[in-house]
Amino acid sequence: MMDAGRHPNIEVLTNSELVRFEGKPGNFTATVRRHPRYVDENLCTGCGQCVHDCPVIVPNEFEVGMGARKAIYSPFPQAVPNTYIIDRENCLNDDFLVCNNCMNSCDRNAVNYDDLGAELRLAVGAVVVATGFDVYNASAIPSYGYGLYDNVLSNIELERVLNASGPTRGHIVRPSDKKVPKKIAFIQCVGSRGEGKEAGCQYCSRYCCMNAVKDCLLVKQHEPDIEELVFFYIDMRAAGRGFEEFYQRSLEMPELTYVRGRPSKILEDAVTKDLMVYVEDVETGQVSRIKVDMAVLSTGAVAGETNNRLAEVLGISLDENKFFEVDPKYGSPLHTSREGVYVCGCAAGINDISDSVSQASGAAAEAEKFVTKSPPAQEVEPAPEMDTSGPPRVGVFLCHCGINIAGVLDVESLKEYAQGIPDVAFVEENLFLCSDEGQRLMQEKIAEHRLNRVVAAACTPRTHEPVFRESCQQIGLNPYLFEMVNVRDQCSWVHTGVPEIATAKARDMIRSGVAKARHLQPLYRKSIPVNQSALVVGGGVGGMAAALELEAQGMKVYLIEQQGRLGGRLINLTRVYPANLSAFELARVMVEKIKASRVEVMTGTEINAISGFVGNFDVATTNGNFKVGTIVLATGADIYKPGDEFSYDRFENVITNQELEDILHDTKGKIDIHGQTPENVVFIQCVGSRSSDTNPGCSRYCCPTTIKQAIRLRESGVNVAVLHRDMRTVGAKAEEHYRHARELGVKFIRFTPERLPRVIGNGKAAERIEVKELALDRILDIPADYVVLAAGMVPNKATTDKLQDILKVPRAADGFFMERHAKLGPVETTTEGVFLAGCVSGPKDIADSLAQGAAAAAKAAAIISHDTVALEPTTCVVRPELCRACGECVGMCDYHAPGLVDKGDGVQVAEINQALCKGCGTCASWCPTGAIVALHFTDEQINSMLDTLLLDRV
Amino acid sequence: MAKQPGKAGAVLVLGGGITGIQAALDLAASDVKVYLVERSPSLGGRMAQLDKTFPTMDCAI
Amino acid sequence: MATRTRPAKKKSAKKKFIPNIVVFACNWCSYAGADNAGVNRIQHSPHFRVIRTMCSGRVTPAFVLKALKLGADAVLVSGCHFGDCHYIFGNYKAVEQFEKTKGLVKTLGLDLKRIRLEWVSAAEGGRWANLINEFVQQITELGPSPLNPKPTYE
Amino acid sequence: MNASLEQMKKNRAFLCLECGKCTAVCPISKVNLAYSPRRMLAAGLFYGAEDLVSDQLLWSCLTCQLCSQRCPVDVRFSEYMRDVRVYAYSRGSWGNPSHGGAMHHIMEMAASPKLKQNRTEWISDDLKVRQRGEVVYFVGCLPYYQELFGKDFDFSPLSIAVDTVKILNHIGIEPVVLENERCCGHDLYWLGQVERFAQIAKLNLDEIRRSGAEKVITACPECAVALKTLYPEVAGDNGLEVKHISEVVLENRHRMKLGDRPAEVTYQDPCRLGRYLEIYEQPRQTLASVPGVSLREMPHNRRGATCCGTTNWMNCDAGCKRIQHARLEEARATGAETLVTACPKCQIHFRCAECGGESQQVGIKIADYVNVIASALEA
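Residue numbers (this note's numbering), protein chains in the order written: chain A, 1 to 954; chain B, 1 to 61; chain C, 1 to 154; chain D, 1 to 379.
FYI, nobody ran anything at the bench for these hints, they're computed from the structure.
Virtual Cβ for every residue (Gly too), placed ideally from N, Cα, C.
Treat the hints with care, since some could be wrong.
[Said to hold, decoys possible] Just so you have them, the derived chain A footprint on chain B, three or more residues with Cβ under 8 Å:
1) 11 to 25
2) 28 to 39
[Unchecked claim] No more than 30 Å apart at the CA atoms, straight line, and that leaves these computed lysine-lysine pairs for DSSO-like:
3) K150/C to K202/D
4) K102/C to K114/D
5) K128/D to K903/A
6) K128/D to K202/D
7) K151/D to K21/D
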């Protein structure tokens, strides 16, 4: 978030909306209205004095009304921009009253009641719509009493309660009496999966199941005395990377009880405010009343209320649920009905975070095609670097930060104290050191007093170090000779009531800052050249999408496929849902496009070795060697091959969903298997998924696939039964299709892993299936001409083994490649310059794979669109004379930065690849001889801080 | 602050939540100028409200 | 702030020990968590001094031992929650290092309560403040480290 | 400068003939061309100790005494280095400690009289030890090594302590193990920390006296040197009889029942046990007396043995590893399958030299003398 606020290429326009939009792709004109903020972003320092002085208290919408805020406020602590805003509806300064408190309290004159906002006309080449979703308002379901009963909360309210910086500081209390609840009910599908009087949307909101499971674990963590958590649900939709495993872990929690069933109502005891939940447990058929202290409603996601208006302005269409409609002809979830306008995340329907993030990167890749890139901002030629050798001359600059620091700490005495610290050559104070004027003063004094180290005692280095460093650099002082001491966030703000002790603490902090500064060394950013081409491994749908996107951006692309042809698994499929596209056609179009492009396709080719690092990979294949700057892995996954499960290897009419797909592929209209039309087909779900023997995770794609196949069969008059554990409708419109299948008369029967369905045959073929219907408590006997096993996805072991060996990209316990971050980096890996697309990082459907292909392309393009990559110099380096080549560093670095290299005569030494090193310093902490130096956090620097903190105590 | 629109060659990103930010950062990383437009006073969107995310239990901000 | 009030000092007969605690905080989570406490003005005990490292995995047993040798009454190492590490598994490495530190500190006969490894995320300002308060309280009750040459009292 | 003159005189530095024998034999000089005992003496002679204070090489000397062994005029170079270090330390100079200085911090803490350690947890019920008695088993830093290295190497430092007690029990000795025994201070002595060393000597002697013992047995050559020769230097004659375990084993060999343990071994003379205490034959004789053990000699043995390459946890580097590798190669060339050393530190250093992958491994087993003897004990 902060990165976006700081990036020179991003102009953040908050409190703004699009009001007019016209033009053509590549050449749109967008008119954006900036609503007045009444506080100047350039002047406000976020000190908070105005908030303190504002007399108005209103409920805080960020805390969903549970906390309070003032009329002048910052929405939440980490808000970007960190500028206050006046809520004029609640402000006292209307036409009659004059309060002016905030204006008077602001030292920087940042408050401006006359702010009228502005209207900006922006020339843009493309638009990415990422407006997200709204949360369903549960008060529309009166029987749950949300808004009526104190102790019925929404899941979002619970999130805020759980948050350490939330209204209750992370303590879980019931709103009615502020007591810690003993028993909490979690109710799923509030506003989702319904269509009656008391229901919201037909679709599944997807995020709520796992969110509620997570909340259960967190609740227990926050309040260990919680006695019972009752979780009401219909299907547990744990269909994401690691989600099923997460759910399985929650089953081990003794306090957590899962009840399959959707409560019909909640009643409140008027006196105790306890709640009574009425529910049928559909597995046992028992109807019960369960008394709880608090209930949490998992409210679903609905389309944003501004979608109508935005769709009108943008000239794009909405779907029946008021989400932005995706143009189905591309198969990918990124295209709206207007070219040049792309959509990602929940603006186009329900997606979880990692899919949303992939789509965002994918949308970025699509949008990039319509813009001319601006050359990177020319860096101002810095002043020649000054000579900083010789004994340290430390300058200490004390910031008042208005009264944020000076109002608590005795800055005068700190100034005097700092002058007495050895090697300190100059001390100065300033009202706002970060202001232009403050920075100028700092620069002047550095030059005037020939300072070669600078310490600023001010706010936090996490926000302001870059600002100060830049000022140093401008006048030729190496920016890494600057050290920051955080006397505001970590001193004056948190020890406000004890100014003397806080001042004493600040003395220690400044002294230790000077101690570190003495040992600071100038460091230099290095840049390494980038080979501006990309390698895509795997010619399936994800790989092809990545290759096409990269090529469209003008990049040189090598596409390698092990098989003799492109297309991957897509070619084996019949139709792709939700748009009912022909899979073959989709594949054919992509292959044609690739063939017509400049993508260098190498089929029947395998990789032998890859060496190098970001920007500079050397690739050796069975078909020649070449160099690339970045790599996209899109080698897909395998379909699980059942063994004796459900007599697969005994009976010919027990087949997998893939085999059924092949059959459906060859037939049109009437289903014809070996010249016969089957009467009864039974599907069995979760074969090779959700089982610790094969794959503990959920394969995601099989439920929607089964639904698709079931509909196809049923429409041809076949009797279809689906035996499942939870129907997991992942993907656009999948829940709607599930509904359609039920409507057509497909029977869905639930089983538990403890009691699997039995396939009964006559020795040669399966004839029928016995399964226990849980609620009826009866064994059903279902005739079956065909039994279809929904086989899950498993990693392609041979390929992933080999690639892991070659590229050192780590794999998770499930055998799929591991993303850099499950949520925030779904297509990145820990190896810089290597990206993932499609099922190589876990099961995905075609739309998700396409989005990931585009996303990986965007990430790869960001690297190879530059001639060089700049390397942060705060890395770890080896002093070779001290290195014993013990290999500790090599074994522990997750980025594979250190390696042992031969220096001739059989002597080895560790070297740290500066392009791979992230500077965490963990290897330095393990190095037995101190050969590894963690630059900017050296042993010497840390030890000197310890020495001065403890030995020079006053 | 009311900068006059520069030359063509920018992308408009609507929405300052996790997806909007991600799209903006990816574009910016490829030297594309981005206008990131958010209706509310701050970036962050829905994700900023969450305490932790599953399954890794990361903090959401 | 303008209307600052000082809490009335309680007159107690016995002078209260003021511990001297060294805190190693990782840049990405715990240091940010401490900042978060500041942004939210969550008041907590001032009797600790923070040294910032990029990762909790950077903290060697030697740093902790050195702090104790020089008379620190306690040492806190704070990093990101598991799965949250900016460097993937740095905090797991921190655990390994800390296990060694614990073994050494235990053999030295120092109370193991004097060293702690904790996780605080960037959003957990409240948790940071509670952790600091609770740790300071615990060490206050435990009294000065036997290696502290000049314990301070109120 | 007077102090420096005094040191030079005491250590016979003025007598230096500048023949260079010391540099020619010095193991550090072999791997670090910048290092030369002769030149360091010359620098001290012409410019005074002041000149050496800021020189990192001051902390590289292994004080292994191989040079003094060869010196024609008996210049006590190791002692001279030590005296210069006293001065350098007082001026804030310090070398490059291994493991971030963790072991130094522990040693320095040991000088605090307020320290009440927790160091006898390894004593299991089957080991017979006492609170008071005639004989103290001085364990040394093994409990700390266990915590610091126990997980990194495939050996348990504390097994040396356990096996020492087993051997003593076997010959009928129930030793006192001191609950609050401190680091013997050997390394601090050689690193010039005079006051701390004296403090430690006093604390340890007090503790030993309280136990009523008059005899101290140790399985660590450095502890043996510290107790036997260094403590009297700073604390006067203490009347204690200090023995290395190999001496005790030799004296009691006739009472021991050792089973057949066929093994080809070679023996590393730790510099403290060898050149400092002149215990060369006891370990050899007792090892060879184990049925089945055949002892082979490396070319550099006894007085001429090469040091394990690192000492005082100071200035360990790539050169040290070369010394270690050379020594391990020498051991392997004897055809022995195991290199036996009588010093726990030697073992740690040799094992460290074997880290870093197969291509760098000499591939010889390394064992402690005590473990070898104890493994042959029969009831």
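Status of each hint after checking the structure:
Only residues whose beta carbon comes within less than 8 Å of a beta carbon in chain A count, and the region 11 to 25 of chain B has 15; three or more means the coverage holds. Against chain A, the region 28 to 39 of chain B contributes 12 residues with a C-beta closer than 8 Å to a partner C-beta. That satisfies the three-residue criterion, and the hint holds. Restraint check: the Cα-Cα separation between K150/C and K202/D comes to about 23 Å, which is no more than 30 Å; the hinted pair holds. For the proposed pair K102/C and K114/D, the alpha carbon gap of about 19 Å is at most 30 Å, so the pair holds.
A C-alpha spacing of about 52 Å is found between K128/D and K903/A, which places the hinted pair above 30 Å, so the restraint is violated. For the hint linking K128/D to K202/D, the alpha-carbon distance of about 27 Å falls within 30 Å, and the restraint holds. The straight-line distance between the Cα atoms of K151/D and K21/D is roughly 41 Å, outside the 30 Å bound, and the hint therefore fails.
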